[in-house]
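A.B. asks: These are the residues of each chain, in order.
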Amino acid sequence: MSKVAHILLVEDNRMDIELTLDAFRSHHLGNTIAVATDGEDALDYMFSRGKYGDRRANPVPDLILLDLKMPKMDGFEVLRQLKAASGLKRIPVIILTSSKEEGDRAVSYDCGANSYLVKPVSFDGFLEVVKHIEDYWVTLNVGPPKE
Amino acid sequence: MNMLSALSQYRARLAGPAVTLFITVAIFALAQTLYRMPNPPAVLVLAIVFSAFYGGLASGLLSAAIAWAFAAVHFSDPSAYFHYSPENFARIVTWGVSMPLTAVVVGMLKQRLEQAAKTAKEHGIVEAHLVERSRSEAELRKSNALLNAIFESAPDAMLLVGADGRIVRANNGAARVFGFGIEEIAGKSVDDLIPRRYRENHIRRRLAFAAQPHPRAMGSGMELFGLRSDGSEFPVDVMLGPLRTDGSMTVICVVRDITERKHAEEAIRRLNAELEQRVEQRTAQLSAANRDLEAFSYSSSHDLRAPLRAISGFAQILARRERESLTEEGRHHLDNIVEASAHMGRLLDDLLNYARLGRRAVNLQPVALAELLAQAAKHLAPRVSEAGAELVIPRGLPAIESDPTLLGQALGNLIDNALRYHRRDVPPRVEFACKLDAGHATLTVTDNGIGIPAEHFDKIFNPFQRLHSQEQYPGTGIGLAIVAKAVEMLGGRIWVESAVGAGSRFFVELPLQKTAAIPDHGTRRQP
Numbered sequence: 001m002s003k004v005a006h007i008l009l010v011e012d013n014r015m016d017i018e019l020t021l022d023a024f025r026s027h028h029l030g031n032t033i034a035v036a037t038d039g040e041d042a043l044d045y046m047f048s049r050g051k052y053g054d055r056r057a058n059p060v061p062d063l064i065l066l067d068l069k070m071p072k073m074d075g076f077e078v079l080r081q082l083k084a085a086s087g088l089k090r091i092p093v094i095i096l097t098s099s100k101e102e103g104d105r106a107v108s109y110d111c112g113a114n115s116y117l118v119k120p121v122s123f124d125g126f127l128e129v130v131k132h133i134e135d136y137w138v139t140l141n142v143g144p145p146k147e
Numbered sequence: 148m149n150m151l152s153a154l155s156q157y158r159a160r161l162a163g164p165a166v167t168l169f170i171t172v173a174i175f176a177l178a179q180t181l182y183r184m185p186n187p188p189a190v191l192v193l194a195i196v197f198s199a200f201y202g203g204l205a206s207g208l209l210s211a212a213i214a215w216a217f218a219a220v221h222f223s224d225p226s227a228y229f230h231y232s233p234e235n236f237a238r239i240v241t242w243g244v245s246m247p248l249t250a251v252v253v254g255m256l257k258q259r260l261e262q263a264a265k266t267a268k269e270h271g272i273v274e275a276h277l278v279e280r281s282r283s284e285a286e287l288r289k290s291n292a293l294l295n296a297i298f299e300s301a302p303d304a305m306l307l308v309g310a311d312g313r314i315v316r317a318n319n320g321a322a323r324v325f326g327f328g329i330e331e332i333a334g335k336s337v338d339d340l341i342p343r344r345y346r347e348n349h350i351r352r353r354l355a356f357a358a359q360p361h362p363r364a365m366g367s368g369m370e371l372f373g374l375r376s377d378g379s380e381f382p383v384d385v386m387l388g389p390l391r392t393d394g395s396m397t398v399i400c401v402v403r404d405i406t407e408r409k410h411a412e413e414a415i416r417r418l419n420a421e422l423e424q425r426v427e428q429r430t431a432q433l434s435a436a437n438r439d440l441e442a443f444s445y446s447s448s449h450d451l452r453a454p455l456r457a458i459s460g461f462a463q464i465l466a467r468r469e470r471e472s473l474t475e476e477g478r479h480h481l482d483n484i485v486e487a488s489a490h491m492g493r494l495l496d497d498l499l500n501y502a503r504l505g506r507r508a509v510n511l512q513p514v515a516l517a518e519l520l521a522q523a524a525k526h527l528a529p530r531v532s533e534a535g536a537e538l539v540i541p542r543g544l545p546a547i548e549s550d551p552t553l554l555g556q557a558l559g560n561l562i563d564n565a566l567r568y569h570r571r572d573v574p575p576r577v578e579f580a581c582k583l584d585a586g587h588a589t590l591t592v593t594d595n596g597i598g599i600p601a602e603h604f605d606k607i608f609n610p611f612q613r614l615h616s617q618e619q620y621p622g623t624g625i626g627l628a629i630v631a632k633a634v635e636m637l638g639g640r641i642w643v644e645s646a647v648g649a650g651s652r653f654f655v656e657l658p659l660q661k662t663a664a665i666p667d668h669g670t671r672r673q674p
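Chains as they are written, first to last, in our numbering: chain S, 1 to 147; chain U, 148 to 674.
Do not rely on the hints blindly, as some may be mistaken.
Calculated pairs, SDA-like style, for lysine to any residue (alpha carbon to alpha carbon, straight line, at most 25 Å) [what the hints assert, rightly or not]:
(1) U:335 - U:370
(2) S:100 - U:564
(3) S:100 - U:609
(4) S:69 - U:370
Just so you know, these hints were derived from the structure itself, not from any lab.
So here's chain S without its partners, still in its complex pose (with noise of 0.2 Å):
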């Protein structure tokens, strides 16, 4: 039995995002994403402020897929800022990044990510690792109640 979540997409690359959703579509689940192209873009979609004022239109996500590097502000401190924040501290969020180095992945579950995954070169790859989020993250995975 699949479950169905609202997924945040934080990712500044234009083709990333669409190589992401079309790896979500693939797979036909019916899981809706909402995309924030940098970190403010992200912050003012979890707190409801600017252009997502409207909580209904644009509802807290189950799960975020979180971009490390990106203009304005970096994935670290939306991070941190999610993590600080309560109602919102529990959403799982994971890391997708291109970046290997052992100092972004120490940061990054310093500052609380739940996951880190690096993005593949090929499609195939970005099939597979869409496939498993979908599996453990939103079908298999028990999430944490509403604060």
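Here the structure of chain S is known, so what remains is to put chain U in place on it, guided by the hints.
C.D. replies: Using the frame of chain S, we list chain U on its own:
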């Protein structure tokens, strides 16, 4: 013995009478033959003369007595001596007086001559003494003049200082160095030539020196200063030599003004410091440039992944969804894009790994080689199995002080390299060994692979250096470069021995800080 020495002593004196006796006997013997000597007394007189001259008065008288007795016996009737006649009287007077008189006169003459010779000799000795003395005095004067000249012309200040610290004598150098007149400086206390702040200490040292005088060489490690007449100070080297004369002690004190030397030393120090600073700056610049280069390499390879992912991803989407709408040629081109982007992805991954290696810190700790190789073998197990390879890891490998990540990566890559470049018809065999010697651990990885031509021994450790096409042996050519970089970061060195078709042996020599033996359990083979 005594008689012999006595004979020897009187030989000269007895020689004359003996000769006279010999002549008289000879004349006597001749007188009995037809050959009579015409005037024997003349010959006898000559013998007396020689006897007295060479043997002395006694010898002469003895010769005269012999000659007289012979003449008396030979030329007259002895009884006639007892009868007076004018002929006998004349003969007695002639022989009896003239012969001893001859001996006496010659003996006296000889004595006179000897005395004169002795006097002359004594006079000569005294003369020689006087000449010698005069020569010695001249040499002494010359020597003194030379010493004075040396003392006065010495470039250093030379002071003769008495036991009470008073300057007994100073040379021109002292006057020049300290800026006093030569008369002014003599009589001063040597303490007055020392800056006031060191004076008390100097007096203490001077008294200690006087109690236990010993020669002290110049520049014996002390920073010393002199004081000029104008009150200015200057750095000096001092040599002290105690001189004992007539029971009192004088110290010869040589003072050298080392102002110029100090300036030169200071200039050298300053230059060294500047040079050191420049080297540090340049090293820092190089390190920064290196860091920047590595950061650039990392960043660019990292940033290149995003567009590559797009090329690869969308090419794959096209190949998957739009393949049928493309011509044969179009599909071929699309496959090329997919294949090339996949290869570039691998290249970027390897470049990232290589760049990442240089950005990490070396973390030294005891590393059990057996454990490290077991991990590498586990990691490579699928490939070992796929190739039907044999991995030989000996027992009893030591633990060495190293960075487990760097060393693990280096050894893993070497094993991977051996599995990759094997001969088609021969199952790979990879053997590991370790040898310890003074200060080094030498690890070897030996394979039975295709081998490497000698001209490529150095080249293979450069990044992206490949000796084969992708079709022959796929890869990116970064594996051995990563090994070389890891070994370099560990402070070691790497080299290879190889023959084409006979396999290769890679040597990794690492500095050895600490080692610990690990129990030997025999050799393990991992098929």
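A.B. asks: All hints, please: hold or fail.
C.D. replies: Outcome of the hint check:
1. Distance hint between residue 335 (chain U) and residue 370 (chain U) is fulfilled; the C-alpha atoms sit about 23 Å from each other, no more than 25 Å.
2. Taken as a hint, the residue 100 (chain S) and residue 564 (chain U) pair is honoured in the structure, with Cα atoms around 23 Å apart against an allowance of 25 Å.
3. Restraint check for residue 100 (chain S) and residue 609 (chain U): satisfied, since their Cα atoms lie roughly 23 Å apart, inside the 25 Å limit.
4. With a C-alpha separation of about 63 Å, the suggested pair residue 69 (chain S) and residue 370 (chain U) falls outside the 25 Å cut-off, and the hint is violated.
The structure shown violates just one earlier hint, number 4.
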